[in-house]
Amino acid sequence: MATSKRVPVRDPANDGSEKAKKPNARPFKRPLWELRLYVAGMTPTSIRAFENLKKLCEEHMHGAYKIQVVDLLERPTLARGDQIIAVPTLVRRLPTPVKKIIGDLSNTERVLVGLDLRPAGGWR
Amino acid sequence: MQKKKKRNAPDLSSLVLEKVPTGIRGLDQVTHGGFPKGRTALVCGGPGTGKTLLGLEFLVRGALLYNEPGVCVAMEETAQELVTNMASLGYDLPALIRSKKLAIDYVHIERKQIEETGEYDLEGLFIRLRAAIEQVKAKRVLLDTIELLFLGLKNDGIVRAELRRLFHWLKDAGVTAVVTAEMGDRTLTRYGLEEYVADCVLVLDHRVNEQISTRRLRVVKYRGSSHGTNEYPFLLDDQGISVVPITSAGLTHTASTERISSGVPSLDAMLGKKGFFRGSSVLITGTAGTGKSSFAAAFAGAACARGERALYFAYEESPSQILRNMSSVGQDLEKWIKRGLLRIHATRPTAAGLETHLATVYNEIQEFKPAVVIIDPITNLVAVGDLHSVKAMLTRLIDFLKLKHVTAMFTNLVFGSGVMEETAVGISSLMDTWVVLGDLDQGEAERMRTLNLLKSRGMSHDTRMHRFTLSDKGIEIHGNK
Chain L
20 MATSKRVPVR DPANDGSEKA KKPNARPFKR PLWELRLYVA GMTPTSIRAF ENLKKLCEEH
80 MHGAYKIQVV DLLERPTLAR GDQIIAVPTL VRRLPTPVKK IIGDLSNTER VLVGLDLRPA
140 GGWR
Chain F
1070 MQKKKKRNAP DLSSLVLEKV PTGIRGLDQV THGGFPKGRT ALVCGGPGTG KTLLGLEFLV
1130 RGALLYNEPG VCVAMEETAQ ELVTNMASLG YDLPALIRSK KLAIDYVHIE RKQIEETGEY
1190 DLEGLFIRLR AAIEQVKAKR VLLDTIELLF LGLKNDGIVR AELRRLFHWL KDAGVTAVVT
1250 AEMGDRTLTR YGLEEYVADC VLVLDHRVNE QISTRRLRVV KYRGSSHGTN EYPFLLDDQG
1310 ISVVPITSAG LTHTASTERI SSGVPSLDAM LGKKGFFRGS SVLITGTAGT GKSSFAAAFA
1370 GAACARGERA LYFAYEESPS QILRNMSSVG QDLEKWIKRG LLRIHATRPT AAGLETHLAT
1430 VYNEIQEFKP AVVIIDPITN LVAVGDLHSV KAMLTRLIDF LKLKHVTAMF TNLVFGSGVM
1490 EETAVGISSL MDTWVVLGDL DQGEAERMRT LNLLKSRGMS HDTRMHRFTL SDKGIEIHGN
1550 K
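If you read the sequences in order, they're chains L and F.
Under the working numbering, the first residue of the first sequence carries the number 20, and numbering increases by one thereafter.
Under the working numbering, the first residue of the second sequence carries the number 1070, and numbering increases by one thereafter.
I should point out that these hints are in silico values taken from the structure, not numbers from a laboratory.
Only a predicted model underlies this, so the values are computations on that prediction, with no experimental measurement involved.
Heads up, a few of these hints could be off.
From the structure, some residues in chain L lie toward chain F, with a derived Cβ separation under 8 Å [said to hold, decoys possible]:
id	residue
1	ARG55
2	ALA59
3	MET61
4	THR64
5	ILE66
6	GLN102
7	ILE103
8	ALA105
9	VAL117
Computed beta-carbon distance windows for the label pairs [stated by the list, open to error]:
id	chain 1	residue 1	chain 2	residue 2	range
10	L	ARG99	F	GLU1385	25 to 33 Å
11	L	LEU113	F	ARG1167	32 to 40 Å
12	L	ILE66	F	ASN1224	19 to 27 Å
13	L	MET61	F	LYS1206	28 to 36 Å
14	L	GLU128	F	ALA1164	17 to 25 Å
15	L	ARG99	F	SER1282	33 to 41 Å
Think of the CB as a built atom: it goes at the ideal place given N, C-alpha and C, for glycine as much as any other residue.
My request is simple: use the sequences and hints to build the entire structure.
What follows is the structure, given as structure tokens:
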């Protein structure tokens, strides 16, 4: 089965708005998801992963996201920085903490749990 | 070399497995030449047995001695930790990294951070490894400990398939790789890596017996090659790993006819007027206070006076104590130390196990290259091992010394008089010359020191019992001309 740990429900939008209330925070700040998808060439798996991710972001992040696709075949040195060993790997760089989801992201529920958009175990 | 041989069609040497020397002291002898070239060797063992160090030393020595740069994929320790660990063994990893002879990629997998969904492969790891190999043009690779992939990732099936691909890929890349793995309960490694890497398997072991630890190494398997099959003791010291490749080397040494002085002219006179054979082994036994060490010191002094090097292993006294005591019997050993001809290595026998002592003796001899070795006394070594293992160790040591044409003198303390000690008899068969020292209580105020040359192979020698005296002029044996 999936993870055994329970992830507390966390709404990234709230995190962002809390920061926005601080005086020195940038005024335009909207809750922003910064995601990076590492792939190795345009394989069927990486294309599938990207499509799954795109769909999921549209549905759950309402445009407040940024996806960067890194092809390790072109930029192999970037693999070290984010400690990538498997591809595809989705890295949630923001909001912190950094999260990693590996695989083609075909299981939407699991991805949502991994991104802290859903508590572990899903909605019932 | 290789090309020349290829011209002769029937010569099989070009077909034989090529090897890459590890450069690790003693290991190349045990593996008959090193690790299989372009293949992967597996090093397994329990925690703290020295797997990582062996792997790293393979890289470092390769870079330093054979101009073969290396890549270390470290999954257990960070690059900084590895640098610190190797610094304690006298290796400067940052310098190697700067000169592009070594690349360390720390691969960290935190299972807690990772969610898995759907299909994936480990191409990311491959890409990193490839980049590192290209960066330094590596010929050697260390994967330490690749098994951690099983802990970090949930899908065992994918990990296994990818590992299989990795080892094939390494083979194609033509790099010689070392993989370390944790010892398993019933299998060699916990996750059965030996299924994938089966060309050369080494097992390291760290045993503690009666509070004394000994490290051992064994080549379990070496496809396409002969290898030493025994367990070999190895040392981890400030110069890295050294395996002691000596088992009983057999009786293949050539016997020298050269004679060298015992340092006591009157004893030389008893030994066919010439002294010991070079490369022979001499045993001096005696009860307490009969002057065994004095004979040993005289022998060492004579070697130094000839301009040869002498190595003195003291298991009872500190170097300064030996120097002081021997100056009282007319042996000024200090001047030889100053001239670099004499080295005294003093340790407590209980400081290490027999095998470790053997390894130390072996290393010191390799490094100092003495003509003469003194072990004073071997009795104390018996304290850390039983007679059987002491004899086994001495056999190996003596074979090694004979191959090197080193003349060795062993002293042995015996207790009581008359009855020969079991140890003395046990080891005497290994010795070429046996001198027995003793006391004769004459019922007077004075004790009389006696010397008896019990045996001396290959020469006619004096067999009578003699009286001898110790004075500031040295040792003098009376009653022989």
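Interface hint for VAL117 of chain L, Cβ within 8 Å of any Cβ on chain F: holds (7 Å)
Just to be careful: measuring from the Cβ of MET61 of chain L to every Cβ in chain F, is the smallest value less than 8 Å? violated (13 Å)
Does ARG55 of chain L pass the interface check with chain F, least Cβ-Cβ distance below 8 Å? Nearest chain F Cβ about 13 Å off; hint violated.
Can you tell me whether the CB distance of LEU113 of chain L to ARG1167 of chain F sits inside 32 to 40 Å? holds (35 Å)
Has the hinted range 33 to 41 Å been met by the Cβ atoms of ARG99 of chain L and SER1282 of chain F? Holds, since ARG99 of chain L and SER1282 of chain F (Cβ atoms, about 38 Å apart) stay within the stated range.
Interface hint status, THR64 of chain L versus chain F (Cβ within 8 Å): holds (5 Å)
Close enough to count: is the Cβ of ALA105 of chain L nearer than 8 Å to one in chain F? Holds - the Cβ of ALA105 of chain L comes within 8 Å of chain F, reaching about 5 Å at its closest.
When the least beta-carbon distance from GLN102 of chain L to chain F is tested against 8 Å, hint result: holds (5 Å)
Note whether the CB distance of MET61 of chain L and LYS1206 of chain F lies within 28 to 36 Å or breaks it. Roughly 29 Å apart at Cβ, these two residues keep to the hinted range, so it holds.
So the hint says 25 to 33 Å: do the beta-carbon atoms of ARG99 of chain L and GLU1385 of chain F match that? Violated, at about 56 Å.
At a threshold of 8 Å, is the proposed contact between ILE103 of chain L and chain F supported by beta-carbon distances? OK, holds: ILE103 of chain L within 8 Å of chain F, min 4 Å.
Is 19 to 27 Å respected by the C-beta to C-beta distance linking ILE66 of chain L and ASN1224 of chain F? For ILE66 of chain L and ASN1224 of chain F the Cβ distance comes to about 21 Å; the hint holds.
When held up to the earlier numbered hints, the structure conflicts with 1, 3, 5, 10, 14 and fits the remainder.
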